[in-house]
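**Student:** Since the structure of chain L is already known, use the hints to place chain X on it.
The primary structure of each chain is shown beneath.
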Amino acid sequence: MNPFQGKMNISVKDCNLYYGDFHALKNINIEIPEKKVTAFIGPSGCGKSTFLKTLNRMNDLVEDCRIEGEYKIGDVDIYAKDTDINMLRKNVGMVFQKPNPFPMSIYDNIAFAPRTFGITKKSELDEIVELSLRRASIWDEVKDRLKKSALGMSGGQQQRLCIARSLAADPQILLMDEPTSALDPISTGKIEELMDELKKDLTIVIVTHNMQQAARIADKTAFFLLGELVEYDDTDVIFTSPKDEKTERYITGRFG
Amino acid sequence: MKNLNSAGNGNRKLFFALRIFCTVALGVSLLCLLAVVAYVLINGVTKISGDLLFGDYSVSPSILPAIIGTLQLVGISILIAVPIGVASAIFLVEYTNNKGRLMRVIQVATETLAGIPSIVYGLFGYLIFVVAFGWGYSMLGGGITLAIMILPTIVRSTQESLVAVQGGLREGAYALGASKVRTIFKIVLPSAAGGIVTAIILAIGRVVSESAVLILTIGMVVKDIPASLMSPGTSLALDIYYFASHGYPDEAAATAVVLLVFVICLNLLAGALGKIIKKSTGETK
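Chains as they are written, first to last, in this note's numbering: chain L, 1 to 256; chain X, 1 to 285.
Keep in mind that the hints are not guaranteed to be accurate.
What the hints assert, rightly or not - Part of the chain X face toward chain L, derived, beta carbon under 8 Å:
| no. | residue |
| --- | --- |
| 1 | Gly-168 |
| 2 | Ala-178 |
| 3 | Ile-187 |
Claimed, not checked - When the alpha-carbon atoms are kept at most 20 Å apart in a straight line, the in silico EDC-like pairs for lysine to aspartate or glutamate are as follows:
| no. | chain 1 | residue 1 | chain 2 | residue 2 |
| --- | --- | --- | --- | --- |
| 4 | L | Lys-36 | L | Asp-219 |
| 5 | X | Lys-278 | L | Asp-196 |
| 6 | L | Lys-190 | L | Glu-228 |
| 7 | L | Lys-98 | X | Glu-171 |
| 8 | L | Lys-246 | L | Asp-236 |
| 9 | X | Lys-180 | L | Glu-63 |
| 10 | X | Lys-180 | L | Asp-108 |
| 11 | L | Lys-36 | L | Asp-196 |
| 12 | L | Lys-199 | L | Glu-31 |
| 13 | L | Lys-13 | L | Asp-77 |
| 14 | X | Lys-186 | L | Asp-108 |
| 15 | X | Lys-180 | L | Asp-60 |
| 16 | X | Lys-180 | L | Asp-84 |
| 17 | X | Lys-180 | L | Asp-82 |
| 18 | L | Lys-122 | L | Asp-170 |
As the list claims (entries may be wrong) - Beta-carbon label-pair distances, calculated as ranges:
| no. | chain 1 | residue 1 | chain 2 | residue 2 | range |
| --- | --- | --- | --- | --- | --- |
| 19 | X | Arg-206 | L | Glu-130 | 46 to 52 Å |
| 20 | X | Phe-15 | L | Gly-20 | 47 to 53 Å |
| 21 | L | Asp-196 | X | Gly-167 | 28 to 34 Å |
| 22 | L | Asp-77 | X | Val-120 | 56 to 62 Å |
| 23 | X | Arg-206 | L | His-23 | 48 to 54 Å |
| 24 | L | Lys-148 | X | Val-120 | 48 to 54 Å |
| 25 | L | Glu-31 | X | Gly-167 | 29 to 35 Å |
| 26 | X | Ala-272 | L | Glu-197 | 44 to 50 Å |
Everything labelled a hint here was simulated from the structure, so no lab data went into it.
Backbone N, C-alpha and C define an ideal beta-carbon position, used for all residues, glycine too.
Isolated chain L (complex conformation) (with noise of 0.2 Å):
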């Protein structure tokens, strides 16, 4: 059974995350609404990208890492005991800042999660493959050569392989690291509109250092400073009218 099917918000009281003695992330607080997108702003080091990745325990993989707080999708909390690390990371997918394709055909690629969790039938496959890419829009790109190898196709069509490949393990968030820091303007486009277009079915999260980018497609926008969240609000409220004097600063490029 899958407990998060259907949940897509998320709630956190509390987290404190340290690396051995260093407190790298302090009483963060935050509720991120469903099919919306919420993006995390900040200097680097400030902890988004580290804030993002105990979203879906991408951090146990990390020695010498200890979580403290209340972490909730939906009801479900998942830092609990019992937790299905696998199932929870199914729901919560997760793109990188560099597209990190297998090195194996498309169709293997986009087919990697689904057949992870038990489909094997060719025809079923084929469907979720189609969708997948679909929803990524890079089907038209590279229906003609599913059986190709993924790591022939451009940095920009590789990143939104890796967003399709996600879909394909048909997740209730996405979680995105800096998505767009290794590709051009054009392919940046493409992906913010995929953005918009996405969170119709799916919440999603993303860490940005470009506030532009922020500005243009997040709902909701958070903004973090060594290691704590400052200020977190609607994003035309953060860049409008911001309540804190650091996130002022920030925004205005007057510090980090």
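**Tutor:** Just chain X now, kept in the frame of chain L:
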């Protein structure tokens, strides 16, 4: 202020001398290699005959027992060393995160083992299998000793191939909900397969060329095809030693050609297989 261009020019003579030296050094290396290969071929090729390759030793000297023996030794040692070596490397890289104290101990151990002269492995095999187990000289004892000898190399090269797999691929698989085992078998191992196969073939090359270990463990019985794995026997490399030291220089030269061709083929195979695997996993553009 010092002129940077003239400073560079001042060193030009030195660079030129260095370049000449490197060119000469390369020439000498190539010459040595060519001389050995040419010498072996010129002396040996004409001495190869059907009788030598496949004849009956009771009629005239034959390397058929050595060919069969070599294949047996390769089979035994690879069957033992590859599963153990690859599994050890997977454990080291994927489960201990390639660092920590255990890792360092094993690192030093494998490096030391890889550097031990093969005669020491031979002595070990002799004392254990021939004497302590009471097997006498046997192909099995020799094969196991060879397996122990190539194990560190296989562990090390597999480890390097695994470490070379981009971390992003593992993260990508975990982020899709794949378990550790699935990530290792479907993503990491296929990506590292080219390097692992190359390591195995180079290990076969070492088995084929080894002689010191075998003198002490399989007994150099050149005349008979081993009846079973518990029988004594010989290998191509041992036959060269035997022929050369027992007054058969022509046969020694011919055997050397066979061995040389075998090793060259193995190396070509290693390169080709590596490329094919890379292509099938899509690593080339």
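**Student:** Determine for every hint whether it applies to the structure shown.
**Tutor:** Results of checking the hints against the structure:
The criterion of a C-beta within 8 Å of any C-beta in chain L is met by Gly-168 of chain X, whose closest approach is roughly 4 Å, and the hint holds. The beta carbon of Ala-178 of chain X is positioned within 8 Å of a beta carbon in chain L (closest approach about 5 Å), and the interface hint is therefore held. Among the interface hints, the one on Ile-187 of chain X holds; its C-beta lies about 6 Å from the nearest C-beta in chain L, closer than the 8 Å criterion. This hinted pair checks out: Lys-36 of chain L and Asp-219 of chain L have alpha carbons roughly 6 Å apart, not beyond 20 Å.
As the CA atoms of Lys-278 of chain X and Asp-196 of chain L are separated by approximately 38 Å, the hinted pair breaks the 20 Å bound. The straight-line distance between the Cα atoms of Lys-190 of chain L and Glu-228 of chain L is roughly 32 Å, outside the 20 Å bound, and the hint therefore fails. The suggested pairing of Lys-98 of chain L with Glu-171 of chain X holds, with an alpha-carbon distance near 11 Å, which does not exceed 20 Å. A distance of roughly 16 Å separates the Cα atoms of Lys-246 of chain L and Asp-236 of chain L; the hinted pair therefore holds under the 20 Å criterion.
Between the alpha carbons of Lys-180 of chain X and Glu-63 of chain L the distance comes to roughly 16 Å, so the proposed pair stays at or under 20 Å and holds. With a C-alpha separation of about 18 Å, the suggested pair Lys-180 of chain X and Asp-108 of chain L falls inside the 20 Å cut-off, and the hint holds. With a C-alpha separation of about 9 Å, the suggested pairing of Lys-36 of chain L with Asp-196 of chain L holds against the 20 Å cut-off. The hinted pair formed by Lys-199 of chain L and Glu-31 of chain L meets the criterion: a straight-line CA distance of about 17 Å does not exceed 20 Å.
Of the pairs offered as hints, the one joining Lys-13 of chain L and Asp-77 of chain L holds, with about 11 Å between alpha carbons and a cut-off of 20 Å not exceeded. Simply put, Lys-186 of chain X and Asp-108 of chain L have alpha-carbon atoms about 11 Å apart, close enough for the 20 Å limit, and the pair holds. In summary, the hint linking Lys-180 of chain X to Asp-60 of chain L is supported, as the alpha carbons are separated by about 12 Å, within the 20 Å threshold. For the hint linking Lys-180 of chain X to Asp-84 of chain L, the alpha-carbon distance of about 13 Å falls within 20 Å, and the restraint holds.
Between Lys-180 of chain X and Asp-82 of chain L the CA atoms are separated by roughly 18 Å; this keeps the pair inside 20 Å, and the hint holds. Taken as a hint, the Lys-122 of chain L and Asp-170 of chain L pair is honoured in the structure, with Cα atoms around 18 Å apart against an allowance of 20 Å. Arg-206 of chain X and Glu-130 of chain L have their C-beta atoms about 50 Å apart, which keeps the hinted 46 to 52 Å range intact. For the hinted restraint 47 to 53 Å between Phe-15 of chain X and Gly-20 of chain L, the CB-CB distance of approximately 48 Å keeps it satisfied.
Checked against the hint of 28 to 34 Å, the C-beta distance between Asp-196 of chain L and Gly-167 of chain X comes to roughly 31 Å, which is consistent with it. For the hinted restraint 56 to 62 Å between Asp-77 of chain L and Val-120 of chain X, the CB-CB distance of approximately 58 Å keeps it satisfied. For the pair Arg-206 of chain X and His-23 of chain L, the beta carbons lie near 52 Å from each other, so the given range of 48 to 54 Å is met. The given range of 48 to 54 Å is respected by Lys-148 of chain L and Val-120 of chain X, whose C-beta atoms sit roughly 51 Å from each other.
At about 32 Å, the CB distance of Glu-31 of chain L to Gly-167 of chain X agrees with the hint of 29 to 35 Å. For Ala-272 of chain X and Glu-197 of chain L, the Cβ-Cβ distance of about 46 Å falls inside the hinted range of 44 to 50 Å, so the restraint holds.
Of the numbered hints stated above, those contradicted by the structure are hints 5 and 6, listed in ascending order.
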